[in-house]
Amino acid sequence: MQFTSSFVSLLLAAATTGVQALPSSPIEQRQEAPRLYVKFWSDTSCGADGGFWVEDTVWLQEPVGTCIDVEVWRDFGSTEIVTNTATHDLHAYSLDNCNGTGPNANYYDVPAGSTTDPHCYSQHVESVKFI
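Residue numbers (the working numbering): 1 to 131.
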């Protein structure tokens, strides 16, 4: 009898002390990690000039300053931001290792949470990082 009551007490304690999500929040909102869903296009206008979709990927928001290498199986000329739930801005670099200085070093910024214009960037991307 004592084992049963102790077990029930343990279950009750576990149920009442667990982490609770806000009941008014949709499940998708409570479980979604900050991220960008992007598509890479063969042309410089994200398919508007008849270019084809090369590949897509998801960049999960990493800690600020962490460099993410972009690996795409073929050349591409533009990047389209389709979904953006990031809470930090993103630098997208034309060179590896998030190198923003020197010859041929270019980058553009994607504002946190924005998929409005510009959502198509006419630059090849080799690496990105959240800032």
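No wet-lab data here; the hints were simulated from the structure.
All of these numbers come straight from a predicted model, not from anything done at the bench.
Any given hint might turn out to be false.
[What the hints assert, rightly or not] Dumping the calculated EDC-like pairs for lysine to aspartate or glutamate here, alpha-carbon to alpha-carbon at most 20 Å:
| no. | residue 1 | residue 2 |
| --- | --- | --- |
| 1 | K39 | D75 |
| 2 | K39 | D69 |
| 3 | K39 | D56 |
| 4 | K39 | E80 |
| 5 | K39 | D109 |
| 6 | K39 | E126 |
| 7 | K39 | D49 |
| 8 | K39 | D89 |
| 9 | K39 | E71 |
| 10 | K39 | E55 |
| 11 | K39 | D96 |
Hint check:
1. K39 - D75: Holds - the C-alpha atoms of D75 and K39 are around 13 Å apart, at most 20 Å.
2. K39 - D69: holds (15 Å)
3. K39 - D56: Holds, at about 4 Å.
4. K39 - E80: holds (5 Å)
5. K39 - D109: Within the cut-off at roughly 16 Å; holds.
6. K39 - E126: Distance ~14 Å between K39 and E126 Cα, so the pair holds.
7. K39 - D49: holds (15 Å)
8. K39 - D89: Roughly 18 Å between the alpha carbons, so the hint for K39 and D89 holds.
9. K39 - E71: holds (12 Å)
10. K39 - E55: Answer holds: K39 to E55 is near 6 Å, not above 20 Å.
11. K39 - D96: holds (19 Å)
In summary, this structure violates none of the numbered hints.
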